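Peer 1: Starting from the given sequences, assemble the full structure and let the hints guide the process.
Below are the chains, spelled out letter by letter.
Number of protein chains: 2
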Amino acid sequence: MDYDVIILGAGAGGYKAAVHLLKNKKKVLMVEKEKFGGECLNYGCIPSKALIEMSESIYYLKNMPGVSIDYKIDMNAWQEWKNKMVSKITGNAEGQCRALGADIIYGFGTIKDENTLNVNGKDYTAENIIIDTGSVPARIPGIDNVYYNREILGIDHVPESIAVIGGGYIGVEIGTAMAKLGSKVYIIEAKDRILPEVNEELSKAVDKKLRSLGINIMTSSKVLSVSKDNYYKVKTENGEISSEIVLMSVGRIPNTKDIGLENVKIEMDGRFIKTDNHRRTSVKNIYAIGDVTTGPMLAHKAFYDAYVAAENIIGNDVIVDYKAMPYVIYTDPEISFTGYVSKNSKKIMTSAVPRALTMNDSDGFFRIYYDDDGTVTGAAIAAPRSSEIITEVSLAVESYLNIKDLLLTVHPHPTIAEGIHDDFEN
Amino acid sequence: MDYDVIILGAGAGGYKAAVHLLKNKKKVLMVEKEKFGGECLNYGCIPSKALIEMSESIYYLKNMPGVSIDYKIDMNAWQEWKNKMVSKITGNAEGQCRALGADIIYGFGTIKDENTLNVNGKDYTAENIIIDTGSVPARIPGIDNVYYNREILGIDHVPESIAVIGGGYIGVEIGTAMAKLGSKVYIIEAKDRILPEVNEELSKAVDKKLRSLGINIMTSSKVLSVSKDNYYKVKTENGEISSEIVLMSVGRIPNTKDIGLENVKIEMDGRFIKTDNHRRTSVKNIYAIGDVTTGPMLAHKAFYDAYVAAENIIGNDVIVDYKAMPYVIYTDPEISFTGYVSKNSKKIMTSAVPRALTMNDSDGFFRIYYDDDGTVTGAAIAAPRSSEIITEVSLAVESYLNIKDLLLTVHPHPTIAEGIHDDFEN
Chain E
463 MDYDVIILGA GAGGYKAAVH LLKNKKKVLM VEKEKFGGEC LNYGCIPSKA
513 LIEMSESIYY LKNMPGVSID YKIDMNAWQE WKNKMVSKIT GNAEGQCRAL
563 GADIIYGFGT IKDENTLNVN GKDYTAENII IDTGSVPARI PGIDNVYYNR
613 EILGIDHVPE SIAVIGGGYI GVEIGTAMAK LGSKVYIIEA KDRILPEVNE
663 ELSKAVDKKL RSLGINIMTS SKVLSVSKDN YYKVKTENGE ISSEIVLMSV
713 GRIPNTKDIG LENVKIEMDG RFIKTDNHRR TSVKNIYAIG DVTTGPMLAH
763 KAFYDAYVAA ENIIGNDVIV DYKAMPYVIY TDPEISFTGY VSKNSKKIMT
813 SAVPRALTMN DSDGFFRIYY DDDGTVTGAA IAAPRSSEII TEVSLAVESY
863 LNIKDLLLTV HPHPTIAEGI HDDFEN
Chain Y
463 MDYDVIILGA GAGGYKAAVH LLKNKKKVLM VEKEKFGGEC LNYGCIPSKA
513 LIEMSESIYY LKNMPGVSID YKIDMNAWQE WKNKMVSKIT GNAEGQCRAL
563 GADIIYGFGT IKDENTLNVN GKDYTAENII IDTGSVPARI PGIDNVYYNR
613 EILGIDHVPE SIAVIGGGYI GVEIGTAMAK LGSKVYIIEA KDRILPEVNE
663 ELSKAVDKKL RSLGINIMTS SKVLSVSKDN YYKVKTENGE ISSEIVLMSV
713 GRIPNTKDIG LENVKIEMDG RFIKTDNHRR TSVKNIYAIG DVTTGPMLAH
763 KAFYDAYVAA ENIIGNDVIV DYKAMPYVIY TDPEISFTGY VSKNSKKIMT
813 SAVPRALTMN DSDGFFRIYY DDDGTVTGAA IAAPRSSEII TEVSLAVESY
863 LNIKDLLLTV HPHPTIAEGI HDDFEN
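Residue numbers (the working numbering), protein chains in the order written: chain E, 463 to 888; chain Y, 463 to 888.
Where hints are given, some of them may not hold.
Any copy will do: because identical chains look the same in the list, a pair fits if it lies in one copy or spans two.
Quick list of in silico lysine-lysine cross-link-like pairs, BS3-like style, CA-CA up to 25 Å [said to hold, decoys possible]:
#1 K809 with K671
#2 K785 with K805
#3 K524 with K534
#4 K809 with K485
#5 K485 with K866
#6 K487 with K809
#7 K495 with K550
#8 K866 with K785
#9 K524 with K546
#10 K684 with K670
#11 K546 with K671
#12 K727 with K746
#13 K809 with K670
#14 K550 with K671
#15 K808 with K485
#16 K574 with K727
#17 K808 with K550
Bear in mind the hints are in silico, worked out from the structure with no lab data behind them. This one's a predicted model, so the numbers in the text were calculated from it and none came from an experiment.
Peer 2: Below is the structure:
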């Protein structure tokens with residue numbers, strides 16, 4: 463065998479798996495069809511956070527009493543910065559893998575048999591294969607020539623108006639940022655609420671705030687057709703929208719096409735590769751991680767899958783446990799969820815958290831869930847920077863801590879995190 | 463007796479003690495000489511965070527490639543907003559105490575004997591007294607007519623230049639904010655480094671960044687005299703500075719004057735009121751909490767003291783344990799510390815955390831300390847929003863968690879909190 467492990471796809475998960483395997487003295491080949499770092503680093507979570515960060519600062523200053531600002535955005539110059547920033551992250555990741563001894567081949571890899579992968583016309587063999595081929599945006603047949611996440615995050619100007627088809631996290635994050643940068647935003651969602659993937663209380667908090675930002679949200683509204691002349695015309699069941707740009711964000715589908723799954727007869731779970739809780743496929747030396755497997759399509763879920771798969775390859779019997787898998791959407795309010803809902807909970811409003819008031823940004827709430835004996839089971843938080851504080855609750859859930867452990871741990875004042883602590887009475 | 467408890471001083475600690483006692487059915491009188499909420503809410507942590515928040519957004523946008531901004535700050539309008547924001551917080555706090563049944567008297571209270579407090583010429587009696595009279599800025603004899611925290615946070619314009627005497631947290635926080643708002647800032651510190659109250663690695667990270675912001679830092683430099691004509695002239699051992707404003711921030715001293723401590727012969731610890739680990743003074747039914755007692759002068763330390771004192775009054779034998787008392791300084795990088803140093807640690811640079819790069823704000827480091835068996839003992843973090851993530855480590859320290867619990871808890875991507883998690887290898 464040429465390698466201990468071949469990793470097909472150098473996205474977030476593939477990269478983390480490689481580092482873990484390499485540090486454990488495994489010989490690793492990484493095969494990547496496009497860019498090191500995959501969708502998240504190059505076209506997803508990283509560039510979107512940069513855009514959102516800028517939009518939040520502008521929005522904050524526009525609304526801060528006593529501050530008057532005029533600003534101009536040269537998106538080409540911003541894109542240049544963003545691309546350099548992304549290259550730094552992806553370059554560091556690739557450099558780390560190479561420094562640890564990985565071989566990296568750019569090309570489209572196809573599995574020939576359970577130990578063989580073909581890339582650029584050549585076969586490579588390995589004891590194990592990890593599939594981390596990620597996902598691509600879902601498309602609606604008959605609707606072409608629209609923007610997807612890659613195009614919108616590579617845009618050269620702030621559009622005058624944008625119609626977002628699909629009110630999931632990608633559409634809502636981009637819609638929020640564009641509205642704060644001054645675009646007229648429409649969000650069209652077929653289900654009866656935006657962010658149908660999160661619990662209703664969180665979804666409602668976002669819906670309320672986005673409407674107050676002037677975003678036109680249409681729920682229970684299917685798109686019938688999209689045409690383009692000078693502007694786009696989006697026909698929905700409930701009327702027609704005219705917009706400069708249309709962003710299609712109706713979900714993502716796993717990348718399983720043409721990678722040779724049929725050659726090894728891997729069992730599928732619908733469109734996804736079926737795996738057990740070791741992230742092992744029906745072929746025992748082939749693993750699958752990240753977006754090609756079921757579960758939330760999140761980079762940190764891929765990281766975790768990567769760790770589990772790598773540990774099993776190393777010889778440690780580790781299984782996945784998604785008990786405290788966080789879910790964050792960088793909209794307004796920023797919402798975060800971890801763990802699971804239980805019938806007991808404590809809730810306070812973000813407006814009761816002094817730090818939020820100092821930021822002039824106090825919409826939302828904190829809800830901490832716990833069992834009858836006080837064991838923390840999860841949290842739903844809608845507050846600025848909730849992404850940064852949700853891990854405190856994840857750690858509590860993972861470690862079976864009691865609500866009193868959260869309440870009696872001293873939280874620095876003033877912080878948003880005080881909303882978790884609350885006062886010890888509530 | 464008129465009351466179960468009289469609380470002298472309705473600052474952060476007094477307020478929290480009152481709420482806890484009231485919810486436990488105690489009859490409470492609060493006596494406040496000035497403003498509900500005390501120094502922190504009215505003139506300290508709350509208004510300073512609002513100022514810092516604004517300065518950070520302006521600095522971020524000024525430095526973001528692709529963004530050009532012109533801005534004007536009307537500090538009078540900002541002060542109006544800030545005062546309303548503060549009033550909302552203090553009003554809510556006072557309203558909560560009243561709704562729970564507290565009596566509140568405004569006036570200067572003096573302890574007459576161990577059960578009696580005199581205010582506005584009238585005596586009130588109680589089973590217990592809690593002293594939470596806070597602190598005032600230290601002054602240098604012979605130097606008058608300068609700004610202290612109250613004056614600088616109430617300022618009506620951004621000064622052209624400011625000399626900060628004292629490089630502790632107050633001086634450094636305000637100096638950082640003013641530099642980002644465009645002031646020429648000098649920081650004069652008698653000791654050999656700024657922020658002598660924190661560990662040297664954190665202090666160095668701030669020193670480096672502040673110098674890059676153009677702040678002129680003079681250490682090992684005593685101030686000899688301050689005179690004022692049109693501008694201030696500050697003579698130091700190492701030369702003379704001319705500045706529009708002088709901020710004096712050379713520490714704070716406990717407020718123990720004229721409150722009748724001599725009438726009950728309370729034992730002192732230098733300038734501070736001596737307390738045991740129940741926050742009980744040498745007079746067994748009199749407690750002291752917050753800045754008048756030894757320990758860091760922090761609102762959350764006062765909150766914690768308040769909880770402990772109130773619990774003991776209620777009849778529960780609770781003692782203070784400062785094992786994981788966080789310390790946060792909102793400068794650049796924002797620095798946070800919790801727990802204690804041990805000989806084992808893991809460190810990564812903030813520049814390795816992707817979320818920091820998306821914010822164009824990646825100076826600093828994460829250092830997690832742990833015992834030989836892996837038990838987490840503390841952390842020193844210099845990174846944007848470190849105040850929000852330090853509690854994850856405090857919770858780990860309080861709960862005797864292992865470094866592996868931090869490493870294996872899934873952190874959402876991309877967040878600053880990932881710096882704690884790092885990758886599972888390091």
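Peer 1: Work down the list of hints and note, for each, if the structure agrees.
Peer 2: Each hint tested on the structure:
1. K809 with K671: Only inside one copy: K809 and K671 sit 19 Å apart there, 39 Å across copies, limit 25 Å.
2. K785 with K805: So K785 and K805 pass the 25 Å test inside one copy only (17 Å; across, 33 Å).
3. K524 with K534: both (13 Å within a copy, 11 Å between copies)
4. K809 with K485: Between copies only: 18 Å across chains, 44 Å inside a chain, cut-off 25 Å.
5. K485 with K866: Classified as between; 17 Å across copies, 39 Å inside a copy.
6. K487 with K809: between (48 Å within a copy, 23 Å between copies)
7. K495 with K550: Within one copy, since 20 Å is at most 25 Å while 56 Å is not.
8. K866 with K785: Both. Shortest intra-copy (20 Å) and inter-copy (17 Å) distances satisfy the 25 Å Cα cut-off.
9. K524 with K546: The answer is between: 19 Å across copies meets 25 Å, while 28 Å in one copy does not.
10. K684 with K670: within (21 Å within a copy, 55 Å between copies)
11. K546 with K671: between (33 Å within a copy, 22 Å between copies)
12. K727 with K746: Cα proximity of K727 and K746: one copy only (12 Å, versus 78 Å across).
13. K809 with K670: The answer is within: 18 Å in one copy meets 25 Å, while 41 Å across copies does not.
14. K550 with K671: Cα proximity of K550 and K671: across copies only (21 Å, versus 34 Å in one copy).
15. K808 with K485: between (43 Å within a copy, 16 Å between copies)
16. K574 with K727: This pair counts as within: shortest intra-copy Cα distance 11 Å, inter-copy 88 Å.
17. K808 with K550: Classified as between; 23 Å across copies, 42 Å inside a copy.
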